[in-house]
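Protein chains: 2
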Amino acid sequence: MLTIYHYWFCPFSRKARIALQEKKVEFDLKLELTWQRRPGFLAQNPAGNVPVLVDEEANLRICGPYAITEYIEEQYPTPDLIGESITDRAETRRLVEWFDDKFHREVTSLIINEKIMKSFLKRGNPEAANIRYAGQNIKHHLKYIEYLTDRRNWLAGDDFTFADISAAAHLSCVDYLGDVPWQNFEKAKDWYARVKSRPSFQAILQDKIAGLAPAAHYRDLDF
Amino acid sequence: MLTIYHYWFCPFSRKARIALQEKKVEFDLKLELTWQRRPGFLAQNPAGNVPVLVDEEANLRICGPYAITEYIEEQYPTPDLIGESITDRAETRRLVEWFDDKFHREVTSLIINEKIMKSFLKRGNPEAANIRYAGQNIKHHLKYIEYLTDRRNWLAGDDFTFADISAAAHLSCVDYLGDVPWQNFEKAKDWYARVKSRPSFQAILQDKIAGLAPAAHYRDLDF
Numbered sequence: 012m013l014t015i016y017h018y019w020f021c022p023f024s025r026k027a028r029i030a031l032q033e034k035k036v037e038f039d040l041k042l043e044l045t046w047q048r049r050p051g052f053l054a055q056n057p058a059g060n061v062p063v064l065v066d067e068e069a070n071l072r073i074c075g076p077y078a079i080t081e082y083i084e085e086q087y088p089t090p091d092l093i094g095e096s097i098t099d100r101a102e103t104r105r106l107v108e109w110f111d112d113k114f115h116r117e118v119t120s121l122i123i124n125e126k127i128m129k130s131f132l133k134r135g136n137p138e139a140a141n142i143r144y145a146g147q148n149i150k151h152h153l154k155y156i157e158y159l160t161d162r163r164n165w166l167a168g169d170d171f172t173f174a175d176i177s178a179a180a181h182l183s184c185v186d187y188l189g190d191v192p193w194q195n196f197e198k199a200k201d202w203y204a205r206v207k208s209r210p211s212f213q214a215i216l217q218d219k220i221a222g223l224a225p226a227a228h229y230r231d232l233d234f
Numbered sequence: 012m013l014t015i016y017h018y019w020f021c022p023f024s025r026k027a028r029i030a031l032q033e034k035k036v037e038f039d040l041k042l043e044l045t046w047q048r049r050p051g052f053l054a055q056n057p058a059g060n061v062p063v064l065v066d067e068e069a070n071l072r073i074c075g076p077y078a079i080t081e082y083i084e085e086q087y088p089t090p091d092l093i094g095e096s097i098t099d100r101a102e103t104r105r106l107v108e109w110f111d112d113k114f115h116r117e118v119t120s121l122i123i124n125e126k127i128m129k130s131f132l133k134r135g136n137p138e139a140a141n142i143r144y145a146g147q148n149i150k151h152h153l154k155y156i157e158y159l160t161d162r163r164n165w166l167a168g169d170d171f172t173f174a175d176i177s178a179a180a181h182l183s184c185v186d187y188l189g190d191v192p193w194q195n196f197e198k199a200k201d202w203y204a205r206v207k208s209r210p211s212f213q214a215i216l217q218d219k220i221a222g223l224a225p226a227a228h229y230r231d232l233d234f
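As given, the protein sequences belong to chains A and B, one line each in that order.
If you're matching positions, the first sequence starts at 12 in my numbering and goes up one per residue.
If you're matching positions, the second sequence starts at 12 in my numbering and goes up one per residue.
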């Protein structure tokens, strides 16, 4: 049995959970508060971040979103979540990087850091300027999602791929806090509603984070 | 013929150049000053960053370090630069992420931003605090390289892989500016000397950046 060491507001952990659900691979979740720098966890992953995917029986530890994404696809090829042709694979990975790097830097990490980590770790008050900046940035990303879905069925092409999983994983973290301006981006909302209705996404929508209720519409398929 | 759109101090562009040299694939280099946000370039890569790998004849555009790394390996499998077994592949990718994400955030991006981009783009003076912080961080990374090479022939195991390429690409950017404290890390230096002596690395050592001479030892194989 696989175990994912995760943290609730880690988009990369959500991505691994959704992908394994798509592949119908069972796994356990273990919450890891990475800032505690637990020696047992650092021994598994010296970088100290989640997700880490562990298969104790096989003595296997896969660390970090890059290795985990490619591992899941190589180890469980059905259904295909990267694409078959060279062009499709490059497009999926370009968009995965768009969300895991650019969206993360410009939106997710700012919002999670200001709204969750600072209060949770008692590291001062949220900086309104950072939250505003993320609030501006997310509009460009939602516009880009609309540009893509105007031309394609899913973000990278005809099929649901890791590009959709990455984008939805990041958006779901921000959406939990009610910080996605869906009302101005109907087409992006339509795409997210389609992701939300997939069986692989249901556990994400049921996440219960101690002491912090999700935004009212977070769980609604029709939001 | 392939073309790499690159920028001299972009470690990810260096990584693509070294990998293609290892695979003995010819390519042209085109300098792209990404901050100019040239429309023709943004049409190729809306994220606006380098490297972008273009094959005009095949009408192929591969954008970003993640897609390019995996494309190079899939398209030109010899010599293998990721590894064969599941464990080896996960280990290479874990370390690629270590350098492309962690080292980049903690060292390369700080030093390049403060020492190169700020003066080049006339965006104020370098922040000494950021340069000092990067100077502390790099020591931990050099120590980690020593930990790995104490146990292994190359960073990820017996063979030279993208882990070594990523690490050396980042270090070479910082080393051009003379900011790697090699004198205190003899074993990391031995590993880097072995990378430096590879034919795939020679073009990197010959880089001539207008208006900025490299540190005295940058090109020396025996430094």
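It is worth saying that the hints were derived from the structure and are not from the lab.
Idealized CB from N, CA, C, for every residue including glycine.
Be a bit skeptical, because a hint or two may be false.
[As the list claims (entries may be wrong)] Quick partial rundown of chain A residues pointing at chain B, CB under 8 Å, derived from the structure:
#, residue
1, Pro88
2, Glu95
3, Val107
[To be verified] Pairs of lysine-lysine, DSS-like flavour, derived with a Cα cap of 25 Å:
#, chain 1, residue 1, chain 2, residue 2
4, B, Lys113, A, Lys113
5, A, Lys113, B, Lys154
6, B, Lys113, B, Lys35
7, B, Lys113, B, Lys150
8, B, Lys113, A, Lys41
9, B, Lys198, A, Lys113
10, B, Lys126, B, Lys154
11, A, Lys154, A, Lys219
12, A, Lys129, B, Lys41
13, A, Lys113, B, Lys200
14, A, Lys113, A, Lys198
15, A, Lys129, A, Lys154
[Said to hold, decoys possible] Reference excerpt, derived from the structure (chain B facing chain A, CB under 8 Å, subset only):
#, residue
16, Leu13
17, Cys74
18, Tyr77
19, Glu95
20, Ser96
21, Arg104
22, Lys113
23, Pro137
24, Ala139
25, Ala140
26, Leu216
27, Lys219
28, Ile220
Here is how each hint holds up against the structure:
1. Against a cut-off of 8 Å between C-beta atoms, the interface hint on Pro88/A is violated, since the closest Cβ of chain B lies about 13 Å away.
2. Here the hint on Glu95/A is broken, as its CB sits about 11 Å from the closest CB of chain B, past 8 Å.
3. Interface hint at Val107/A: satisfied, since its Cβ lies 7 Å from the closest Cβ of chain B, which is below the 8 Å cut-off.
4. Proximity of Lys113/B to Lys113/A is assessed by CA-CA distance (about 15 Å); at most 25 Å being required, the pair is judged to hold.
5. This hinted pair does not check out: Lys113/A and Lys154/B have alpha carbons roughly 29 Å apart, beyond 25 Å.
6. Pair hint Lys113/B plus Lys35/B does not hold up; C-alpha atoms about 29 Å apart against a cutoff of 25 Å.
7. Using a Cα cut-off of 25 Å, the hinted pair Lys113/B and Lys150/B holds, with the two alpha carbons roughly 13 Å apart.
8. About 23 Å separates the Cα atoms of Lys113/B and Lys41/A, which keeps this hinted pair within 25 Å; it holds.
9. Only pairs whose Cα atoms come within 25 Å are accepted, and Lys198/B paired with Lys113/A is rejected, the gap being roughly 35 Å.
10. Proximity of Lys126/B to Lys154/B is assessed by CA-CA distance (about 24 Å); at most 25 Å being required, the pair is judged to hold.
11. Distance check on the hinted pair: Lys154/A and Lys219/A sit about 30 Å apart at the alpha-carbon level, beyond 25 Å; violated.
12. Pair hint Lys129/A plus Lys41/B does not hold up; C-alpha atoms about 43 Å apart against a cutoff of 25 Å.
13. Between Lys113/A and Lys200/B, the direct Cα distance comes to roughly 33 Å. Violation of the 25 Å bound is thereby established for this hinted pair.
14. Distance restraint check for Lys113/A and Lys198/A: the Cα-Cα separation of roughly 21 Å lies within the 25 Å cut-off, and the hinted pair is therefore satisfied.
15. Between Lys129/A and Lys154/A, the direct Cα distance comes to roughly 29 Å. Violation of the 25 Å bound is thereby established for this hinted pair.
16. Hint status for Leu13/B: violated, given a least beta-carbon distance of 13 Å to chain A, over 8 Å.
17. Interface restraint check for Cys74/B: the shortest CB-CB distance to chain A comes to about 5 Å, inside 8 Å, so the restraint holds.
18. Proximity of Tyr77/B to chain A holds as hinted, the smallest CB-CB distance being about 4 Å (cut-off 8 Å).
19. The closest approach between the C-beta of Glu95/B and any C-beta of chain A is roughly 11 Å, which is over the 8 Å cut-off, so the hint fails.
20. Annotation: interface hint on Ser96/B violated; nearest CB of chain A at approximately 10 Å, more than 8 Å.
21. Because the closest C-beta pair between Arg104/B and chain A is about 4 Å apart, less than 8 Å, the hint holds.
22. Interface hint at Lys113/B: satisfied, since its Cβ lies 6 Å from the closest Cβ of chain A, which is below the 8 Å cut-off.
23. Annotation: Pro137/B was flagged as interfacial toward chain A, and the flag is violated, the nearest CB pair being 21 Å apart, outside 8 Å.
24. The interface hint given for Ala139/B is violated, since its Cβ lies 23 Å from the closest Cβ of chain A, which is over the 8 Å cut-off.
25. Because the smallest distance between the Cβ of Ala140/B and any Cβ of chain A comes to about 18 Å, over 8 Å, the interface hint for this residue is violated.
26. With a least beta-carbon distance of about 28 Å to chain A, the hint placing Leu216/B at the interface is violated under the 8 Å criterion.
27. Among the interface hints, the one on Lys219/B is violated; its C-beta lies about 30 Å from the nearest C-beta in chain A, farther than the 8 Å criterion.
28. Taking 8 Å as the C-beta cut-off, the interface hint given for Ile220/B is violated, the closest approach to chain A being about 25 Å.
Hints 1, 2, 5, 6, 9, 11, 12, 13, 15, 16, 19, 20, 23, 24, 25, 26, 27 and 28 from the list above are not met by this structure, while the remaining hints are.
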